[in-house]
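Q: Protein sequences appear in the order of chains A and B. Its first residue numbered 1, the first sequence is counted upward by one per residue in my numbering. Its first residue numbered 1, the second sequence is counted upward by one per residue in my numbering.
One or more hints might be untrue.
Here are the simulated DSS-like cross-link-like pairs (lysine-lysine), alpha carbons at most 30 Å apart as the crow flies [stated by the list, open to error]:
id	chain 1	residue 1	chain 2	residue 2
1	A	Lys175	B	Lys155
2	B	Lys155	B	Lys144
3	B	Lys144	A	Lys175
According to the in silico footprint, chain A covers these stretches of chain B (three or more CB under 8 Å from chain A) [as the list claims (entries may be wrong)]:
id	stretch
4	62-73
5	129-143
Keep in mind the hints are simulated off the structure, nothing from the lab. Being a predicted model, the structure only gives us computed values, none of them experimental. For glycine and all other residues, C-beta sits at the position ideal for the given N, C-alpha and C.
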Amino acid sequence: MKRWIAVLALGFPLLALGEDEAAQSGPPSAEPAEARSWQGVGTVEYVVVHPLHTVTGISRQAEIRAVADGAGLKVMGRAPVRSFDSGNANRDAHMLEVVRAAQNPLVILRGLARGFRVPAAPGSFDVQLESEVQLAGVAAPARLSAQVEQLPNGDWKVRFAFDHRLSAHSIERPKLLLVPVEDAVSIRGEALLEAVDAKNDAKN
Amino acid sequence: MRAPIFRRLGALFAAALFALPARGLARESAEAAATDRESETNLDFDFDLFGDGTKRSEEDPALAGRARLRRGMLQAHQIAGLTTLGLMATTVVLGQLNFDDHFSASGAGSGAYSTPHRIAAYSTAAAFAVTGGLALLAPVPYEKAPGFDAGTVHKLAAFGAVAGMAGQVALGMIAGDALRSGQARRFESVADLHRFTGYATLTLLATAAAAWLF
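With the rest of the complex left out, here is chain B:
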C-alpha cells in the first residue's frame, strides 16, 4: 500500500520538478518575445516631435516634367560643350599649322591646311551654337540664388568665348579676303590677330568647362 502512494507522490513531484521551471522558461521566452515585439514597436518611426505635420506636398507633374527636361538638356549641353572644346582645340592646331604654312621660314605655302582648318572652324561654331542653345533654352524649375560662384565664372567665360568665336569667324573671313586680293602684309597681320584670338577663345572655353571643378 505504501509503495503506490509514494509512487504517486513521486510522479506528482517529478511533474512539479520539471513543470515549474518549464513554466518559468515558457514565461521567460514569452517575455522575451514580448520584448522583441516591443523592440520592433519601438523602431516605429511614426512620430512627430514638431507636432506640425511634416508631410510631403502634392506632386506637381508640370514641375517634375520641367525638371526632367532641364536635366536632359543640361546633360546634352555637357556633351555638346565637351565636343565644342575638342573641335576648338582641333581648329586651333590646324590654324597654327595653316599659319606656319603661310608665314614661317619653313612653310611651303601650299595651303594644305586651309580647308581642314575651315571645316573644323565651322564645325566648332555649329557645336558651340548648339551648346549655348541647350543651356539658354533649358527650363528653370527651381530658381537659383543670386551671387558670384562657379556658375558665374562658367557663364562669363562662355560669353567671352561667344565674342571670341564671332571675332574669329570675322577675322578669318578678312584674312581670306586679304589673301585672295594679294594683300600680303594685311593678310599676315590679320592672320596673326586671328591666331591670337583663337588661342584666347580656346582658353575661355577650357575655363568654362573647368569652372565646375571649383
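The following block holds chain A by itself, in its conformation from the complex:
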C-alpha cells in the first residue's frame, strides 16, 4: 500500500508535467497581428566580374512591396530587365539577349521571413529573407539579408544584398575577349518604402 502511495505521489506530478508541456507546444495564443504593408521604388544593381573587368548594372525602376502580418513578412520586388544600365548600351543589349528579355521582361524577387514582427518603435533591425529570384524564366532560391531603418512615421529605409549565380538561371555566361564572366553575381540595392494602410491596399 505504501508502495502505491509513493507511486501516486510521483506519478501525478509527472502526469501534470506531461499535460503542461503539451499545452506549451500548442499553437501560439497571440492574436493575429494587424497586417501592415509598405511600398516604394528604389535602386537595384548587379555586379559581375570578368578577369579583365568588373561590370555594374543599375536599375532605378525597382518596385518593392512588403506585407507583415501574424505569420511574418512577405516581400516582393521587381524591375524591368531593360531598365538596367551598365554604362555600355552594347553590353546591356547583350544582357537582354542572355536573360531572354522578350519572354521574361521582369526580374522578380519574392521573400519570406517567418515569425517576423514589426518593431513597435523606430530603429534599425536586420531581416533574413528566404527568397526566390525569377530571372530569364527560371526561379532559383536565394538568401537575402536586409538592413531596415524604421522611421518615426513608419516608413522603412531598406538596404539589401545577396550573392547569386548566373548558372542558377541557366544563363549562358557572356564572354569578353573569349573569356566568360564569373558565375557569381552580387546583388545589392536600397529603397525607401512608405507605410501604407493594409486595408486600403487590399481594396486597391
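With chain A's structure known, arrange chain B on it following the hints.
A: For chain B alone, coordinates are given in the frame of chain A:
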C-alpha cells in the same frame, strides 16, 4: 481479494502514467509535423503583392533565333578581330624590317621582307573585312540605347582602322610602283608615310579591342 484489485488499479495507473505523457509527446510530434508542413507551405512563393500579374510573355521563336544568330556572329567577330590584331602586328613588324632593309644605314636592300610583308598585309585586310562584315551583318534583336560609351569608342576606332587600312594598301601600292620605276626619293617618302599609317592603324585596332575593357 485485495491483492487482485490493487494489481488491476496498479496496471491501470501504470498505463495512465505512460500513456498520458506519450499522448502528450504524440501530440507534440504531430504539432511539430504540422509546424513543419506549415513552414513548407510558408515557403510557397506563389504570391503576387502587386496583384497585376507578373507572368512571362509568350516566347517569340524568331526573336530568340535572331538573338542566337547575333551571339554566334559576335563571338566569331571577337575571334576574327583578335586574329586581325595579331596579323596587323605581324604586318607592322615585317613592314618595319622591310623599311630598314631598304633605307637604314645597315640595310642590305635585299627585299627579303617584301613578300612576307605583302602576304601579311593582304591577310590582315581579308581578316579585317571578315571582322567588320560579321559585326555589320549581325541582326539586332534588342535595340540599343543611344549614347556615347565603350561601344562608340570601339566603332570610332574600327572605322578609323578601316581608313588606315585602305590608306595602307594604297600607299603600299604607290611605294611599290615608285620602287619599280626607280624613283628612290619618292619611294622613301611614300614608304615612310606608309610606315606611319601602319603604326597608327595598329594603334586604332588595339584601341577598338581594348575599348570593351572600360
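Q: Against each hint, give a clear statement of whether it holds in the structure.
A: Hints, verified against the model:
1. A:Lys175 to B:Lys155: Satisfied, since the Cα-Cα distance of roughly 19 Å is no more than 30 Å.
2. B:Lys155 to B:Lys144: holds (14 Å)
3. B:Lys144 to A:Lys175: Cα-Cα ~19 Å, so holds.
4. 62-73: Coverage by chain A holds for the stretch 62-73 of chain B (5 residues, Cβ < 8 Å).
5. 129-143: Result for this restraint: holds, n = 4.
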